[in-house]
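Chemist: Protein chains in written order, with our numbering: chain P, 550 to 597; chain W, 188 to 400; chain L, 6 to 232.
Worth double-checking, as some hints may not be accurate.
For lysine-lysine, the following BS3-like pairs were computed, each having C-alpha atoms within a straight-line distance of at most 30 Å [said to hold, decoys possible]:
no.	chain 1	residue 1	chain 2	residue 2
1	L	Lys119	P	Lys555
2	L	Lys218	L	Lys75
3	P	Lys578	L	Lys218
Selected chain L positions facing chain P (in silico; Cβ < 8 Å) [said to hold, decoys possible]:
no.	residue
4	Gly42
5	Leu43
6	Lys46
7	His89
8	Ile93
9	Met97
10	Ile104
11	Trp105
12	Gly217
13	Leu227
Rather than coming from a laboratory, the hints here were simulated on the basis of the structure. Where a beta carbon is used, it is the ideal one built from N, C-alpha and C, also for glycine.
Take a look at the letters that make up each chain.
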Amino acid sequence: MTSGEKYVAAAYLVVFLTLLVYVVIIASKLQRLEAALTDLVERVRARG
Amino acid sequence: MSGYLSDVAALARKDLLLELRGRDTLPAMLLFVASALVIFHFALPSGTGELAGLGLLWVAIVFTALLGLSRAFVAEREQGVLDGLVLAPSDRSAIWLGKAIAAFAFLALAEVVALPLFALFFSSVDGATVAGVVLADVGICAVGVFLAAMSIATRARELLLPVLFLPLAIPLIVGGVGASVTENPGRYLGFLALYDLLFATICWASFEYVVAE
Amino acid sequence: MWLRNNALAASAALAAVLLASAIALIAFYVPVDADQGLSQKIFYFHVPIALTAYACFGWGAWKALRHLWKRQEGADLESYVAIHLGVIFGAMTLLTGSIWARASWGVWWAWSSKQLVLFLVLFLFYCAYFMLRFSVEPGPRRANLSAVYALFGVVLIPISFLAIRLAEDFIHPTVFTSNGPQMSGSMFFTFCVSWAAMLATFGALYRLELAGKRIDARMRELRELLA
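Extracted from the complex, chain P is given alone in its bound form (with noise of 0.2 Å):
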């Protein structure tokens, strides 16, 4: 590859792995999100 390829190679990558670093972060609140909604459930069905 020359280094003008490995260069604008460079800039996309760095494009997509900012986007995907994003969505691999919303990823992992909304799982976040799905423990603490078992958790109330089940704090609920405990109440009765």
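Chain P is fixed; fit chains W and L onto it per the hints.
Modeler: Okay, now just chains W and L, sitting in the frame of chain P:
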């Protein structure tokens, strides 16, 4: 209208009187700016032109202003006076304006010492520089007092003020340094006036949201 | 009807389609630039990302205004999410810009690039936004302070741009020649598709993050009710 202006005057006079009696902020600012100028002498390797010195003058002014501004609302907060001021039956922007005028007075007094000192240590200061300093001071005090009020409401308090202030100070530095070093300072002075106009207006219009609950 | 109920999925699909089209166009359709070579193709991402970041800050400021002026419910959260995404897009602008500078001129940073310098100043300003926000307890006070600061930011954008322009007269950077917007038809078309793709990506991410934060808030409310 006259009620508003007399409120502003009363608030400004209060701050000036407090400083006259307490005498803690202004001496610190004076000593700070003098020390900073000495440090700059050691920070400029030989061969850098006198223009570099003029650029550093503006750094000194901004950081001296920050020193004074960080104290702007501390007294009010410590004595719980801010709520009283806010509840008083006047337009809350008067609080900002009164304090900005007092801050301007302090900064100007510090510069009355700093500029001759700079002329002594480095290079002479021309009229355009002085005009730039006056115009930039307006912007520094308007925005600085506003941001000081914001930072007082936070957990980090005065520590947040430099973080909030410095990005907004960049255009002032450009205007000031431009007025000092270039051949046609008029453009830069006009730019400083534009900054002052825009930001003073937005500060004046939105101050009540900063102190409201 | 389906569109309204599934706004998030729809906007994500739109963003995906546009992004794929943009990449396809950039890779296969648009010709290689005669002067700058292959590295010029970074431009098709870098500039749309920058423009989208401006749009984020503008949208954030609009929502801030709605909060202060009309006391609109939820506007503060929307303003926060928009600015959050603006900072992310801003960081991407700085990174891709730096890579492009390296590819074109051999340096990782160029003060002569007015756009990069402007973004640096804005990046610093909006990072301070987060410092401000996280230093105040959640509530109306935090919303007001954040909103006012967001409005300051939007005034700062043109002022900083002017300042950087004026500063060039006495900073005398080593001037690199850069390609102006003299684009051929195919280049312009690709650019527009890429720009639309970035805006659509912002729209999708915005809805995504907002949905997550709203659910978070309601969960907290539920937990307080049950405690």
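Chemist: Compare the structure with each hint and give your call.
Modeler: Right, here's what the structure says about each hint:
1. L:Lys119 / P:Lys555: Since the Cα atoms of Lys119 of chain L and Lys555 of chain P sit roughly 25 Å apart, the hinted pair holds (cutoff 30 Å).
2. L:Lys218 / L:Lys75: Holds, because 22 Å separates the two Cα atoms, which is no more than 30 Å.
3. P:Lys578 / L:Lys218: holds, 9 Å
4. Gly42: holds, 5 Å
5. Leu43: holds, 4 Å
6. Lys46: holds, 5 Å
7. His89: This interface hint is violated because 10 Å lies over the 8 Å limit.
8. Ile93: Because about 7 Å separates Ile93 of chain L from the closest Cβ in chain P, which is inside the 8 Å limit, the hint holds.
9. Met97: This interface hint holds because 5 Å falls under the 8 Å limit.
10. Ile104: holds, 5 Å
11. Trp105: holds, 7 Å
12. Gly217: For Gly217 of chain L, the interface hint holds, since the closest Cβ of chain P sits about 6 Å away, which is under 8 Å.
13. Leu227: holds, 6 Å
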